[in-house]
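Given the sequences, and given the hints that come with them, work out the whole structure.
Residues 1 to 438 in the UniProt record's numbering are what the sequence shown spells out, letter by letter.
Please keep in mind that the hints were generated in silico from the structure rather than gathered at the bench. Worth double-checking, as some hints may not be accurate.
Claimed, not checked - Below, simulated DSSO-like cross-link-like pairs (lysine-lysine); rule was C-alpha separation at most 27 Å, straight line:
no., residue 1, residue 2
1, Lys421, Lys211
2, Lys209, Lys280
3, Lys138, Lys255
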Amino acid sequence: MSFHFMIVSHLLLILHKKIQQLVLVVMLAWLLIFLALLSHFLDPRDVDLRSPSSLTHTETRRLASIQGSPSGIRASPLEEREEKIRRERLRRRRRKGSMSRAEQRGRDGYYLSQSKVVVQQLRRGIASAGMLAPHLQKSMRDYLNLNRHHVAYRGRRRGRQSGREVLCELKEQARLRTLDGTEQPFSGLAWDRLVPPRPLEQLWGQGSKFKSCAVVTSAGAILNSSLGREIDSHEAVLRFNAAPTEGYENDVGNKTTIRIINSQILARPRHRFTTSSLYKGMTLVAWDPAPYSVDLPRWYRNPDYDLFTPYEERRRLHPTQPFYILHPKFIWQLWDVIQGNTQENIQPNPPSSGFIGIVLMMSLCEEVHVYEYIPSLRQTDLCHYHEHHYDPACTLGAYHPLLFEKLLVQRMNSASQHDLKTKGKVTLSGFSAINCGP
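As structure tokens, then:
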């Protein structure tokens, strides 16, 4: 009897240990599931970790409307479409992140080879949106449907104009203009005493023009170009946003006469606009997308990024530094010229800083040399020579109508194919050097 009892006791002990092990396994499994879920929700690729102070006007307004709305999270149709585009881009980044290195190299190689085919046609002036990679075509369609700036183009579509005709149209229809403080709401804020006393086009003397100017894009293709000395030989040099010269002098030079900056540079703390030497000792020209209707009070209340507060602060701290804000009417007139010379519907978003800078210098110079706006044979999907981000949209456009801008610039180009292929150089006549009379 005792023998049987011992056997039963032993079996019960084994069963008890097995149950304990099973419970531990189940608990461990639940713990792993919990950690996986926690990791997903805290993944920095999925969560925007910006502090509330760095939110854009649009994001802050959206957050306020959600917090104050009885229904909780209802968004406008425009915001929903913007969010859809954002989610699609995030999905593409996730897919890229989940690829093996071999798969990623293959995908990147495919996109680059496809981009090179488009650029080859661009150099010949015959590229079209249908040649773009499928994901760029989709982004373009998404922005056309979104139309966040409420663009309603009523101009006519012209037949293929000559380069000279396009030059004359830009000269007549898109005259350089900056905020001068005479329009509301700026006149009510005494901006006529805040802005520089001399207009930008007269800054270097009444009727005076630079003989030869360089526009240096930030494209990755400028690396290993050894163009620095040639760039610095020009009388005036324009650069963009946060593009540095230090450490890159051999390729990009070190002279800077004018720097065009978009509103993100002024608004985002990481750019250190108030303290960085990048923005000192030169003329600054800022811009921000406004509604197509050029409703200035609405724009002042709701810029894409708040450039007005940093502008006011810098003008008061450094009143002798020439610092201008481009009038949004000038920017949208540029867009009208691009659309009017394109049979396809272009993205209803402002032109790129590159195109804006090119036309600005055409207003100030007798001849303009643009480097790596249309890529040379060094073409790469590296967006900026000073950063490590690769995306064909930086060359051919997603948000901005880059492809169509570049086709128009190539039509006006007087440089040789050799210059275009070896230097990525386009040569354009300044407006003062062309006679547009009958």
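Status of the hints after comparison with the structure:
For a cut-off of 27 Å, the pair hint linking lysine 421 to lysine 211 stands: about 25 Å separates their Cα positions. Annotation: proposed proximity of lysine 209 to lysine 280 holds, straight-line Cα distance about 23 Å (limit 27 Å). For the hint pairing lysine 138 with lysine 255, the CA-to-CA distance comes to about 39 Å; that exceeds 27 Å, so the pair is violated.
Hint violations for this structure: number 3 only, all remaining hints satisfied.
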